[in-house]
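Visitor: Just so you know, the sequences run in chain order A and B. Sequential numbering from 40 applies to the first sequence in this note's numbering. Sequential numbering from 58 applies to the second sequence in this note's numbering.
The reader is advised that the hints may include incorrect statements.
Distance ranges between label pairs, derived from CB positions [stated by the list, open to error]: (1) 123/A x 397/B: 38 to 44 Å; (2) 487/B x 128/A: 33 to 39 Å; (3) 150/A x 413/B: 55 to 61 Å.
Because the hints were derived from the structure by calculation, they are not lab data. Predicted, not measured: the structure shown is a model, and the values here were computed from it. Built from N, CA and C at the ideal position, the CB exists for glycine as well.
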Amino acid sequence: MNMTLSRRGFIFLLSALPFAPKSGLAQSLSTSGDPNRLFDDVDRRLLGNLCEQIFPKDEFPGAIELGVPGFIERCLREGHADWTGIYRAGFRSTEASSRSVYAKEFPELSFDEQTRLLERMQTGDLLKTDWPSVSAKDFFRMVRDHTLQGAYSHPKYGGNRNKAAWDMIGYYDFWVE
Amino acid sequence: MSLERVDAVIVGAGASGGVVAHELAHAGLRVVLLERGPQLNVKDFQLHDEMISNSKGHLFPAFNGLDHRHPREFRHTSADTFQKIFPEDGTYPLLAAVVGGGQLFYGALMWRFLPIDFRARSTYGTMEGSTLDDWPLSYDELEPFYDKAEYTLGVAGEDGDPFAGKRSRPFPLPPVDLQPGDLLVKKAAQRLGYHPFTVPLGIATQKFKDRNPCVRHPCCNGFICEIGAKSTMVTALLPSTLATGNCRLITEAVVKEVTTDGRGRLDGVSYFDKSGKLTNQPTRLVILAASATETPRLLLNSRSRWFPKGMGNQHDWVGRNLMDHIGPSVVGLFNEKTSDGIGPGPGIAINDFYGKNPGFAGGGVIYSRTEALPIAFANVRPPGAPMWGKAHKKFQRDYFRRQVRLWVPGEARPRFENRVDVSPTVRDAWGIPVSRITHSLHPNDYQLYEFFRTKMVDLLKEAGATEVISRPAGKGGVDAHQCGTCRLGNDPKTSVVNRYGQVHDVDNLFVVDGSLLVTAGGRNPALTIQALAFWSSDYIVRQWKAGSWGGRKV
Numbered sequence: 040m041n042m043t044l045s046r047r048g049f050i051f052l053l054s055a056l057p058f059a060p061k062s063g064l065a066q067s068l069s070t071s072g073d074p075n076r077l078f079d080d081v082d083r084r085l086l087g088n089l090c091e092q093i094f095p096k097d098e099f100p101g102a103i104e105l106g107v108p109g110f111i112e113r114c115l116r117e118g119h120a121d122w123t124g125i126y127r128a129g130f131r132s133t134e135a136s137s138r139s140v141y142a143k144e145f146p147e148l149s150f151d152e153q154t155r156l157l158e159r160m161q162t163g164d165l166l167k168t169d170w171p172s173v174s175a176k177d178f179f180r181m182v183r184d185h186t187l188q189g190a191y192s193h194p195k196y197g198g199n200r201n202k203a204a205w206d207m208i209g210y211y212d213f214w215v216e
Numbered sequence: 058m059s060l061e062r063v064d065a066v067i068v069g070a071g072a073s074g075g076v077v078a079h080e081l082a083h084a085g086l087r088v089v090l091l092e093r094g095p096q097l098n099v100k101d102f103q104l105h106d107e108m109i110s111n112s113k114g115h116l117f118p119a120f121n122g123l124d125h126r127h128p129r130e131f132r133h134t135s136a137d138t139f140q141k142i143f144p145e146d147g148t149y150p151l152l153a154a155v156v157g158g159g160q161l162f163y164g165a166l167m168w169r170f171l172p173i174d175f176r177a178r179s180t181y182g183t184m185e186g187s188t189l190d191d192w193p194l195s196y197d198e199l200e201p202f203y204d205k206a207e208y209t210l211g212v213a214g215e216d217g218d219p220f221a222g223k224r225s226r227p228f229p230l231p232p233v234d235l236q237p238g239d240l241l242v243k244k245a246a247q248r249l250g251y252h253p254f255t256v257p258l259g260i261a262t263q264k265f266k267d268r269n270p271c272v273r274h275p276c277c278n279g280f281i282c283e284i285g286a287k288s289t290m291v292t293a294l295l296p297s298t299l300a301t302g303n304c305r306l307i308t309e310a311v312v313k314e315v316t317t318d319g320r321g322r323l324d325g326v327s328y329f330d331k332s333g334k335l336t337n338q339p340t341r342l343v344i345l346a347a348s349a350t351e352t353p354r355l356l357l358n359s360r361s362r363w364f365p366k367g368m369g370n371q372h373d374w375v376g377r378n379l380m381d382h383i384g385p386s387v388v389g390l391f392n393e394k395t396s397d398g399i400g401p402g403p404g405i406a407i408n409d410f411y412g413k414n415p416g417f418a419g420g421g422v423i424y425s426r427t428e429a430l431p432i433a434f435a436n437v438r439p440p441g442a443p444m445w446g447k448a449h450k451k452f453q454r455d456y457f458r459r460q461v462r463l464w465v466p467g468e469a470r471p472r473f474e475n476r477v478d479v480s481p482t483v484r485d486a487w488g489i490p491v492s493r494i495t496h497s498l499h500p501n502d503y504q505l506y507e508f509f510r511t512k513m514v515d516l517l518k519e520a521g522a523t524e525v526i527s528r529p530a531g532k533g534g535v536d537a538h539q540c541g542t543c544r545l546g547n548d549p550k551t552s553v554v555n556r557y558g559q560v561h562d563v564d565n566l567f568v569v570d571g572s573l574l575v576t577a578g579g580r581n582p583a584l585t586i587q588a589l590a591f592w593s594s595d596y597i598v599r600q601w602k603a604g605s606w607g608g609r610k611v
């Protein structure tokens, strides 16, 4: 009933990751093949664009500089393979909406055009036919939550490189290292 | 394999079960302590890590988010359909299946209830739609056990609350040092004529017995304290309990039912051991300490020809009156620094709105928190404010250490229809019928919520907040403060256990967890649950020594 206990939703449950508690119950959902590869170059570029929109570079580092896209890929690969399909479907729908709204591919949009498309994604104000398998709102919320988790979590998970997001807000974990 | 009979089996190695194990083992009884979760080696775990705490899944390992062996069902009212739920779902009542229980992760608020809490019906009168009642014991009777709990576990605090009951001794530990935001709230409360005092915490603010003092890490509420400064059964009770040689702790033991002999006499506890084998542990006494959502399940699942409706349930009160707290969480934004970026978080409290408010019954203690965690704070925004982009980053920078949160664990009305029973269809991985939860709010709960929301917004504004964020109440549901489902009482027709926690119609069966609470009180329940466990233990040991249950006369 209090705030700290009601934060749920699209949360990476890191208990499945190798650096999490050894419970004997944690299930490894690792995929075979290249252990470092989940998305192809097109999808990686798109994911980077989306993350950078959520956590853009200003006078402090943005999501890409912090390593957030890699954080998301790693969490999906090592613990949440079941969400990979949602991401891929969301990428295709994002591309479709970009073509419908701007008649351009998403990575070719200007930063501000991407921002406006994400604003419409957030409210679901996009053609439903471009989002056949995942809703724009749900996809937006998932990417938004995962990006901020990557930005603000411990650097050992792959995001928040050099603790730069913590330094930005004045959060200090004095047992790090 | 037939096991040797022991004197007592305790089900649940959490806050209350740990107390009873400690007291009985030290009194010389041979005890088996069963815990369905594992025992953690603290060093094996990623502790001060918000990603781990970020969901119910952090109550690892038995209840990690990928472990679907423990489903439940939930609905708000009898008009709704039950939904099957899992630990990561918002409606799943929080429950840490681990040696130490939820207290390992608690926010360490260790209040005593106020004297009026024990006279709830006398104070507020009867109310339609509520089973409000007085407790069958008084504050004065429980006081020696509050004292024992505070001195055994370690509680840091200060006198100065004019509404508190009398204490036989001062707090064993000095209060936590306040943060700048707490001081702003304290001065504002004084200007408004309230009576602020520093919160009591189950934290070693200085070296306590063999425990290290708190290092003020902000990852406190919701986290295990890896240096052992938090007062829990693991840090304060278990080592000496095991050292008596009288207590055997068995982990990953999933209890199925309490069993009876051929004459209907309780004689054992059946559980699935780590390997999945069903075992019966013969015993003279059984003490249930499995939580307010699991203890009633166990009683209701313990059916036989002598107990066709489950043990203790001949009047249909097992599982009734399920409660948690209802109260707003309100965040004030400041121009000045409120936090040095350290924990544990709680600071200043007031009891000025406890028990005599206009237009509704009940109340609660308001208290401040100044700590913040980065991911959680990303969701703290005024309505309509951007939740991402450059505006998100600016807000994080501006307010991460310039905010004060007030919360009130407001006293919800007990209601007969809010309950735990067992599902006729859903079973856990061991084939045991699971808990079904039905919970919604009483109209009085909404009035209380809105009253406190106004008072807390006003208090933060007086303290200098430039903006205050608050939200309206939700629809109910229970979480970490689940309580009330095996009510204490003198009348077997309107309660499950007597004033000592002894089940009315089964004299060798006790309940000692949060199920006992007649009313939820307007404050976190841990210390009261543990004081009651000391109170019940004292009764059990005295009866044992007088020869009850085949005990050894002394």
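Visitor: Go through the numbered hints given earlier and state which of them the structure violates, listing their numbers in rising order.
Guide: none
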